[in-house]
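Student: Throw the hints in and build the complete structure from the sequences for me.
Going by this note's numbering, 135 is the number at position 135 of the sequence shown; the sequence numbering is gapless.
Keep in mind that the hints were calculated from the coordinates and are not lab data.
It cannot be assumed that every hint is accurate.
Here are the in silico distance ranges between beta carbons for each label pair [unchecked claim]: (1) Q297 with V151: 26 to 36 Å; (2) R116 with V198: 19 to 29 Å; (3) R88 with P329: 23 to 33 Å; (4) Q297 with E231: 42 to 52 Å.
Below, a list of computed lysine to any residue pairs in the SDA-like style, where the Cα atoms sit at most 20 Å apart [claimed, not checked]: (5) K390 with R358; (6) K187 with I122; (7) K245 with I122; (8) K390 with S294; (9) K245 with S294; (10) K245 with E331; (11) K390 with E406.
Even glycine gets a Cβ: it sits at the ideal position worked out from N, Cα and C.
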Amino acid sequence: STGALLLALLMAPGGPQPALAQAAGQPPPGEEKQEPTAAEKEKSAEEAAKAAEAAAKAAEEAALPEVSESIEVVGYRQAIEESVALKRDAVNSRDSIVTEDIGKMPDLNVAEAIQRVPGVTIVREGGEGRQLSMRGLGAEFTQVTLNGMEVPASTGGLDSSGAINRGRAFDFNVFPAELFSRIDVNKSFVASIEEGGVGGAVQLYTAGALEGTGPQASVLVQAGYNDLSEESDPRFTATYATANKARTLGFLISAAQTQRNSWQDGFGTVRFARPDTPASQAGSGFAANPTGLSDQQLRTAWYPRLPRQDSFRHDQERTGVSSSLQFRPTERLDMNLNFVHSKFEATTTSYNSFAQFRFLGNAGFRFITPIDVTLAPQGSGNVAVAGTFKNVELRTESREADDTTEFNQLTG
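Tutor: Quick look at the structure:
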């Protein structure tokens, strides 16, 4: 019937829905919409502020450059750290000098660089270092090696008192300091060091072709001025190193040249002497004595033997070249060929003008007449400090010497 059919439709699932169904998102009938409380508003504002701050921080970090986790130290500090590491790793008493960079030794020659090491003293001539001594022993007791090979080197004098080195002492002024990248000063020995140095051993090393991190080139130009000789002293250094991309094969060449012009003016005595009259004999030892001093005072006084004026000039030129060819395909295989050349040229000119107070056949004390003599004050020694003399024989000398020292070494 019609009533039964209507009842079945109303009871069936998915049947007709009421026309006034609840809209989505609307509160149920009989319920009112509630406003957020003050605490909820404050919490929501804090969350929004934190989100904005986080977004701003993320944008700022994204704009910053990428920060490296490693710190690479270069320059002078790197040289100090490397020297300290070499000393720490040594099993003997050893100090090392490492250049700041290739071709940047701060001193004129090797001797002046080594003098920075404690316990080492150098011998200077003409204002420049020449030899060194270790542990209080002479220069002849120091062994010197270059790239592992013992080497000799000698030059002439650098001032008026200098002379040619005919002993086994090493003259470090032959080499420019710029040729070397590392110097080891050993005050005690280990089995790897050759015997021969009672005082110690100095090991010189030239730069290797694969020591750097890539192609390198440096040029250094300096100059000094001597106001006495009125000449300039130029100094030039150049270094170039290159290698393949794999850094298994490299080549390096370094050259250095220095010039130095020095002038020395002075006065000397060349020791002291007394008149040649024996104390048992009467007389002053001179031809006459009009001074007012007693003969004994004149006879027992000390006089400059050869009071003279000196004028000394020294012109030198130092040239050095070192090269290295290195092949290192693996960490366990390293082959290299090193060449070192150095040439030291010096011209020495001296002029002397002096009087002769000494024992000579037709000159000397017996022919000199003192007019007046001033002796040192009492207690300072019986030494003539001033005077006027007659019949003194004068003498002048001039000398010029050319000295050349050349050194060549090839090691592999």
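Student: Is it true that Q297 and E231 lie within 42 to 52 Å of each other by Cβ?
Tutor: Between Q297 and E231, where Cβ atoms are some 49 Å apart, the hint holds.
Student: Taking only the CA atoms, is the gap from K390 to E406 under or equal to 20 Å?
Tutor: The given pair, whose Cα atoms are some 50 Å apart, is violated under the 20 Å limit.
Student: Between K245 and S294, is the straight-line Cα distance small enough, at 20 Å or below?
Tutor: 90 Å, violated
Student: Hint check: K245 vs E331, CA-CA at most 20 Å. Holds or violated?
Tutor: 16 Å, holds
Student: Check the hint pairing K187 with I122 against an upper bound of 20 Å on the C-alpha distance.
Tutor: 15 Å, holds
Student: So the hint says 26 to 36 Å: do the beta-carbon atoms of Q297 and V151 match that?
Tutor: 57 Å, violated
Student: If I claimed the Cβ atoms of R88 and P329 lie 23 to 33 Å apart, would that claim hold in this structure?
Tutor: Taking Cβ atoms as reference, R88 and P329 lie about 30 Å apart, which means the hint holds.
Student: Given the proposed pairing of K390 with S294, does the C-alpha separation stay at or below 20 Å?
Tutor: Status holds; Cα separation ~18 Å.
Student: Taken at face value, is the distance from the CA of I122 to the CA of K245 at most 20 Å?
Tutor: 44 Å, violated
Student: Assuming the hint says 19 to 29 Å, is it satisfied by the Cβ distance from R116 to V198 or not?
Tutor: 22 Å, holds
Student: CA of K390 to CA of R358, is that 20 Å or under?
Tutor: 15 Å, holds
The structure is inconsistent with the numbered hints 1, 7, 9 and 11, although it conforms to all the rest.
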